[in-house]
Amino acid sequence: MFQAPFFRRDFPALEGARVRLRMPQLSDYAEWATLRGESRAFLEPWEPQWAPEELSKHAFRQRLKRYRYEFDQGTGVSFFVILKEGGHLAGGISLGNIRLGVAQSAHIGYWMGERFAGRGLMLDALELVIPFAFDRLRLHRLEAACIPENTRSVRLLEKAGFQREGLLKSYLRINGVWQDHFLYALIAGQHRARARRG
1 MFQAPFFRRD
11 FPALEGARVR
21 LRMPQLSDYA
31 EWATLRGESR
41 AFLEPWEPQW
51 APEELSKHAF
61 RQRLKRYRYE
71 FDQGTGVSFF
81 VILKEGGHLA
91 GGISLGNIRL
101 GVAQSAHIGY
111 WMGERFAGRG
121 LMLDALELVI
131 PFAFDRLRLH
141 RLEAACIPEN
151 TRSVRLLEKA
161 GFQREGLLKS
171 YLRINGVWQD
181 HFLYALIAGQ
191 HRARARRG
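Per the UniProt record's numbering, residue 1 is the first one in the sequence shown, and the count goes up by one each step.
No lab work stands behind these hints, which were simulated from the structure alone.
Don't take each hint at face value.
[Unchecked claim] Derived lysine-lysine pairs resembling BS3-like cross-links, with alpha carbons at most 30 Å apart:
no., residue 1, residue 2
1, Lys159, Lys169
2, Lys57, Lys84
3, Lys84, Lys169
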């Protein structure tokens, strides 16, 4: 399978003022399981239905294998969001369904532990991933989808410069139910123009 040049080696972590983004590691398991477990009621309404073994070490290992496979194939990059002060795991953010050729696009997904929500940390993470996607991966378009009732996610995407393009009917099966989603997108040229304006 075609492998893009920028995926041929591991890349360094992305560093911001408050957060650092790096690929997940097996040593993250205990902290990840604790954070996800305590945030379950906060996360479940917006995620695919959790499996009975969702937080097991085996499930985490399988998750890491999938992340590695997607990275090696050039179809996805998954990061953990790490607080620079204290080094705690706060959440995750990913670029998935990366398509090159005539599309040059990817889909952004993210989650944040409940005790870290509302601090602007995911906006900080997005502001690292967006230039990585446009400048390092040379993508043209980023997409994100969110349930209309997920007002936190709507505000986040709009603050990051994404524009709502429409409503996707019965788009994803979330928490066991097919849900409508707003489709948001950010184009490389729009992002660069916005960055120049400050």
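| request: Decide if the proposed pair is consistent with the structure: Lys159 and Lys169, CA atoms, cutoff 30 Å inclusive. | output: holds, 24 Å
| said: Tell me if the straight-line CA distance from Lys57 to Lys84 falls inside 30 Å. | reply: Holds, at roughly 25 Å.
| Going straight from one Cα to the other, do Lys84 and Lys169 come out at no more than 30 Å? | With a Cα-Cα distance of about 39 Å, the restraint between Lys84 and Lys169 is violated, given a limit of 30 Å.
When each numbered hint is compared with the structure, a violation occurs for hint 3 only.
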